[in-house]
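*Asks:* These protein sequences, in sequence, are chains A and B. Under my numbering, the first residue of the first sequence carries the number 1, and numbering increases by one thereafter. Under my numbering, the first residue of the second sequence carries the number 1001, and numbering increases by one thereafter.
Check before you lean on any hint, since a few could be wrong.
Among the chain B residues that face chain A by a calculated CB cut under 7 Å, a handful are [what the hints assert, rightly or not]:
hint: 1; residue: I1011
hint: 2; residue: S1021
hint: 3; residue: I1025
hint: 4; residue: T1095
hint: 5; residue: F1097
hint: 6; residue: P1121
hint: 7; residue: P1197
hint: 8; residue: P1230
hint: 9; residue: N1234
hint: 10; residue: S1252
hint: 11; residue: P1258
Hints in this document: simulated from the structure, not taken from any laboratory. By construction, the Cβ of each residue, glycine as well, lies at the ideal position given by its N, Cα and C atoms.
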Amino acid sequence: MGLSQNVAKTDAVKRPGLKVQKKQNGPAYVFMSPWLFGMLFLTAGSMLFTFYLAFTNYNLLSSPKFAGAANFHRLLTDSDFWIAIRVTFIYVIASVPVRLVAALLVAQLVSKPIRGMGIYRALIYLPSMIAGSVGASIGWRKLFGQNGPINSFLHLFGIHGPIWLGNPATAIIVLVLLNVWQFGSEMVIFLAGIKQIPGYLYEAATIDGANTIQRFFRVTLPMLSPITFFNLLMGTISSFMVFTQVFVITDGGPLNSTLFYVLYLYQQGFQFFHMGYAATLSIVLLLIIALCAGVLFWTSKLWVNYDV
Amino acid sequence: MRTANARVRLILRHVVLIIVSFLMIYPILWMFFASFKPDSQIFSNSSLWPATWTFAHYIDGLTGKAGMNFGPMFLHSFEISLIVVIGSLFSSALTGFAFARLDFTLRRFLFGFMLGTLMLPIQVLLIPQYIIFHKLSLINTFIPLTLPSFLGVNAFFIYLMVQFIRGIPKDLDEAATIDGCGTFRLFVSVILPLTRPALITISIFAFYWTWNDFFGQMIYLSNPHMFTVPIGLNMFLDNLGNSQWGDLFAMSIVSVIPVFLIFVFFQRYLVEGITTQGLKG
């Protein structure tokens, strides 16, 4: 969060007025040495190791056996892999837009300074901080339990609530709702964006006879497009990587209906110790995320407005 | 007439806000009050407010009577989270300073690399890291969970620091340099004290991300003596008898208290901090 415009322009490091000064290589690399060390071994080194492992069979006990592209072949016929892909995409597509729209509308709602606004904002933001924890997941699991409060509430209207987590059709809904519940973090970023929109734009629009709704669609929305893009990108990436909530609430069940990608990766790597195959899965995840980010960047040219 | 209309709109706005806030907070309130209900009432009594209050769930969970002793787990979670805070501050301040203020040959390349890792899924690194720590016999220690923070593995913190330091006027550096300040003193005496808001933001995020982290702690810690709160809660959930939901809710509530306190005390930094630092062009 918090890097909307700058991610795109990496040349932002460029500073004027430095040409006269000589390079400070010595001190710079001393200052950076912890990060450089971590980058070489924990990030870049690990990446390379993952690529190597993806072409091996490795169970942690004997040494890795080179297997060529066998792991990649296996993906094609592994029905669980395809289930995981399908479930994860359904989850991302169902939750990210809802979360984004909720965040934007509520940000608009809390943007005007009225009494008690600090408290409203705080209450709406709070779930984002704890929703990823095991504790909140446990509460969520019982909230949608057979005789939990959600079904008690539905009962008031004579609706006989489903067994949410026992039914493949509804279990994923519970997880999507848990994701949507965390829209507060995006809301805060939208809020900052709304505050940065210059007031004269609204005044000009009002003089031109625009009503509240027109002002929202003609001024607020275009002005927020870089932030919307940032939230969309980050929300998509983090939704692909969801794990804790799934593990605690459904553990992939019922009938694999919530076998999310990272859960499947965890099972292969850390329950069955198929480390090579898990590495393959992680590389495919990286490719999927890169591809989705690429598609989002590409479409962003059509609707993101960096001009003003 | 006009003022009356404005008044109605204001009241409407408050009503909508109260409904939204209540819906958002309801799951937490429900679990909170359920943790004070006797087990027999948690699912039978549909009112939020407990008919009878009991503190037994908290006492049982924290003394081990519930079948698991959460006391040491809280200590472990605190220990890991605090070390990660220190590590994150250390590595992100040093690296952020270098990127924002020093000129060196590979700067643009390394900065690009750092930005790239912002979007890298941790799962891609987890398997090799697990294997490395396994080979070094460091499983069931806190080292795999804390060491990476000292090596700046969380690029977001470095990015935050770079952004913040760039906002500090360069005149200060020049004045200090003219006064004979070396690079190290410039960092320690001039820049570092001014980055306090960024350091606070990083501390908050480092703490509560580590506190809530489950994946990493679960794969590295399998010895019950080393358990942290998230793993303990999950184990408890697995081995639960039918009548212990109250204990589990109580411990879940205790587990979110530190996050809640951070939230209450540092809300300004959380909300204003990320938005103003990260987004300014």
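*Asks:* So, for every hint listed, does it hold in this structure?
*Replies:* Hint by hint, here is what the structure shows:
1. I1011: Violated - the Cβ of B/I1011 stays beyond 7 Å from chain A, reaching only about 10 Å at its closest.
2. S1021: It holds, given that the least Cβ distance between B/S1021 and chain A is near 4 Å, below 7 Å.
3. I1025: holds (5 Å)
4. T1095: holds (4 Å)
5. F1097: Given a least distance of 6 Å, the restraint on B/F1097 holds.
6. P1121: It holds, given that the least Cβ distance between B/P1121 and chain A is near 5 Å, below 7 Å.
7. P1197: Result: violated, 13 Å to nearest chain A Cβ.
8. P1230: holds (4 Å)
9. N1234: OK, holds: B/N1234 within 7 Å of chain A, min 5 Å.
10. S1252: holds (3 Å)
11. P1258: Constraint on B/P1258 not satisfied, violated at 10 Å.
Hint compliance for this structure: hints 1, 7, 11 are not met, and every other hint is.
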